[in-house]
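*Asks:* Each chain, written out:
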Amino acid sequence: MKILVCISKAPDTTTKIAFTDGDTKFNEAGVQFIVNPYDEWYALVRGLELKESLGGSVTTVTVGGAENDPIIRKALAIGADDAVRIDTEANDAFLVAKEIANYASDKGYDLILCGKETINYNGGQVAGLIAEFLDYPFVSQATKIDIDGSNVTLECDVQGGSAALQCSLPMVLSAAKGMAEQRIPNMRGIMAARSKKLEVVSPSGEAATSEVIGYSLPDAKSECKYIDPENAGELIELLHNEAKVI
Amino acid sequence: MSVIVYTDINNGEVVKASLEAVYYASKIASEKGGECIAVVCGEIDNSKLEALGNYGANKVVHNANNTTDNGQKAKLVQSIANANGASLVIFSHDFAGKAIAPRVAARMNAGIVSGAVELPQFNNGLVVKKSVFSGKAFASYKVNSEVAVISLLPNSIDIETSGASASVESDSTDLGDSRITVSELKTKGNGDKIDLTEAELVVSAGRGLKGPENWGMIEELAELLGAATACSRPVADIGWRPHHEHVGQTGIAIRPNLYIAAGISGAIQHLAGVNGSKVIVVINTDPEAPFFKAADYGIVGDAFEVVPKLVEAAKNFKA
Ligand SMILES: Cc1cc2nc3c(=O)[nH]c(=O)nc-3n(C[C@H](O)[C@H](O)[C@H](O)COP(=O)(O)OP(=O)(O)OC[C@H]3O[C@@H](n4cnc5c(N)ncnc54)[C@H](O)[C@@H]3O)c2cc1C
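Protein sequences appear in the order of chains A and B.
Under our numbering, read the first sequence as residues 24 to 269, first letter to last.
Under our numbering, read the second sequence as residues 215 to 533, first letter to last.
Heads up, some of the hints might be wrong.
[What the hints assert, rightly or not] Quick list of simulated restraints, FRET-style, between CB atoms:
1. B:Ser379 - A:Met24: 49 to 55 Å
2. B:Gly339 - A:Ser227: 38 to 44 Å
3. B:Thr401 - A:Asp158: 29 to 35 Å
4. A:Glu260 - B:Asn337: 40 to 46 Å
5. B:Glu227 - A:Ser191: 29 to 35 Å
6. A:Ala41 - B:Thr375: 38 to 44 Å
7. B:Asn323 - A:Gly184: 33 to 39 Å
8. A:Glu257 - B:Thr387: 56 to 62 Å
9. A:Glu257 - B:Asn323: 54 to 60 Å
10. B:Ala297 - A:Asp92: 43 to 49 Å
11. B:Ile452 - A:His263: 33 to 39 Å
12. B:Ile452 - A:Ala41: 43 to 49 Å
13. B:Thr387 - A:Thr176: 45 to 51 Å
14. B:Glu383 - A:Gly184: 28 to 34 Å
[As the list claims (entries may be wrong)] Partial pick of chain B residues on the chain A-facing surface, computed with a CB cut under 10 Å:
15. Ala278
16. Gly329
17. Trp429
18. Ile482
19. Tyr511
20. Leu524
None of these hints come from the bench; they were simulated from the model.
A virtual CB, placed ideally from N, CA and C, is assigned to each residue, including glycine.
Just need the whole structure built from these sequences, with the hints factored in.
*Replies:* Here's what the structure looks like:
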């Protein structure tokens, strides 16, 4: 089983979001970057579990500059065998997916796993784009995958519930909660990660199709209106007459 | 310029998020002086397709293939977009949109913006605002490709209905073979309860409720208000509540009109998934709980005393 897991960096979940350069750039000053949680907790860990039970290898791939190397080492410490970094700026999902698809096209991966979205751009596009570029079947928001020979069974979240599916390899999926449990790297993993191969490859030169031209923050909330807990029932009146939501 | 909108159906009904997408697409089409064309895949009554006119669709192109393969659906959407010379394709950013929209973008070499919260602007190319950083900020994206794909964040726009009817055209594009088969569809086992992702009102609770046996009052309040129930992450992780109720940065993101949070501290990761809610009510014993900073209405008090009072008031309100 040859498995490719797409890994992206994301600001730590406690990051205070601020912008610079006239609100055109995310302010990275002092920001701690982590492996995007959906990539790490679900896609990577399920990839490792499949490899452990079926044999094979888990490679991670990241599009971006050397500033991604620390999070790539973290993925290696958790247990990936090796890593690839496609050395170009990850300007949009289209470019990222096309670069990954171009790289993967002649490598014979059986399974390509992505997280369902990044917690910074919340696009959720990369997995589906890769699937179409490679003309592979795609399961979006998968919560379960089991492989038995050529028989692949999955579960995914759908409108109003979940679906049990059958698919064949090679395929692409985006992983959601339920897929696996987070793994904390141990000392041995961290030591081993230092000598694992992180190959830097040149991009195929794809262009982005979109760009961010500005950021903004939500309007500040108006003051919180406090209600006496003794007369909590008043809230229902306020929600009806003042807020007009019920 | 025609605007294409993929319109998802579930159990023979158009899903609510898709009605919003149809309305959104029709607004763009009328600004551009073009037609709004809804694409529907799967079996559904013709009357329900005509009724899409009510939400702004001029024409509905219907392919009765019941496929569940997003690759086949993407092929259908592209073929209809091409046949109509459309350069803009709209989806809802819901389960179906997340599966199909990126495939359509790849097929059409299109820039894709997912999670749009407003109508696009056209005075400097196509620019559209979307939610980023899990609801903590917005970004304006400019699409530089000839074709653009936009998916609309559910519950971001208000829709108006017109009473119009759409013309329905049946389509028989050959979608090739399906590579995905569904062996079983499971509903969440919550009977007629409102689905959290579609809910306009949500009642949520956290670790402050002390144990799963105390959720009765939360469910009762939700039922009285016609609301869905949700919870914080630790509550789902320790198994007090099902995982599909977990909202926040690593659960699901919701944007209801009303979010009532009892016994939830308001950690930044929780807020990320709910701060798009129009009105937030926080019930917490701790006046310093961070959630109050994001609240419209706050009650500093014990959920075990406050929630039953709300249940009473909701009963009176309904009566
Ligand atoms: C990477 C990462 C991702 C995360 N993602 C999410 C996420 O998606 N969603 C999420 O929810 N969390 C998430 N978390 C966890 C988050 O940081 C908080 O730990 C969590 O939200 C706290 O849940 P809580 O408010 O239910 O519990 P607590 O923080 O324990 O708060 C309980 C609250 O209840 C109040 N309380 C106690 N008794 C009562 C009473 N009788 N009546 C009224 N109030 C009472 C307390 O004052 C307190 O404010 C994430 C954390 C990390 C590190």
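*Asks:* Lying within 28 to 34 Å: is that true of the beta-carbon distance Glu383 (chain B) to Gly184 (chain A)?
*Replies:* Hint holds: Cβ distance 31 Å, inside 28 to 34 Å.
*Asks:* Should the interface hint for Trp429 (chain B) be scored as holding, given a Cβ-Cβ cut-off of 10 Å against chain A?
*Replies:* violated (18 Å)
*Asks:* Could you check the hint for me, namely that Ala297 (chain B) and Asp92 (chain A) are 43 to 49 Å apart, CB to CB?
*Replies:* Since the Cβ atoms of Ala297 (chain B) and Asp92 (chain A) sit about 47 Å apart, the hinted range of 43 to 49 Å holds.
*Asks:* Please test the hint of 45 to 51 Å on the beta carbon pair from Thr387 (chain B) and Thr176 (chain A).
*Replies:* violated (29 Å)
*Asks:* With 29 to 35 Å as the target window, see if Thr401 (chain B) and Asp158 (chain A) comply at their CB atoms.
*Replies:* holds (32 Å)
*Asks:* Can we keep the Leu524 (chain B) interface hint, with Cβ of chain A closer than 10 Å?
*Replies:* With a closest approach of 6 Å, the Leu524 (chain B) hint holds.
*Asks:* Min Cβ distance, Ile482 (chain B) to chain A: is it shorter than 10 Å?
*Replies:* holds (6 Å)
*Asks:* Quick check on Gly329 (chain B) please, does its C-beta sit within 10 Å of some C-beta on chain A?
*Replies:* holds (6 Å)
*Asks:* Mind checking the hinted window 38 to 44 Å against the Cβ distance between Ala41 (chain A) and Thr375 (chain B)?
*Replies:* Since the Cβ atoms of Ala41 (chain A) and Thr375 (chain B) sit about 41 Å apart, the hinted range of 38 to 44 Å holds.
*Asks:* Evaluate the given range 43 to 49 Å for the C-beta pair formed by Ile452 (chain B) and Ala41 (chain A).
*Replies:* The hinted range 43 to 49 Å is violated for Ile452 (chain B) and Ala41 (chain A), with Cβ atoms some 34 Å apart.
*Asks:* Tyr511 (chain B) was flagged as interface toward chain A. Is the shortest Cβ-Cβ separation under 10 Å?
*Replies:* holds (5 Å)
*Asks:* Is 49 to 55 Å respected by the C-beta to C-beta distance linking Ser379 (chain B) and Met24 (chain A)?
*Replies:* holds (53 Å)
When the structure is compared with the earlier hints, violations turn up for hints 2, 12, 13, 15 and 17 and for no others.
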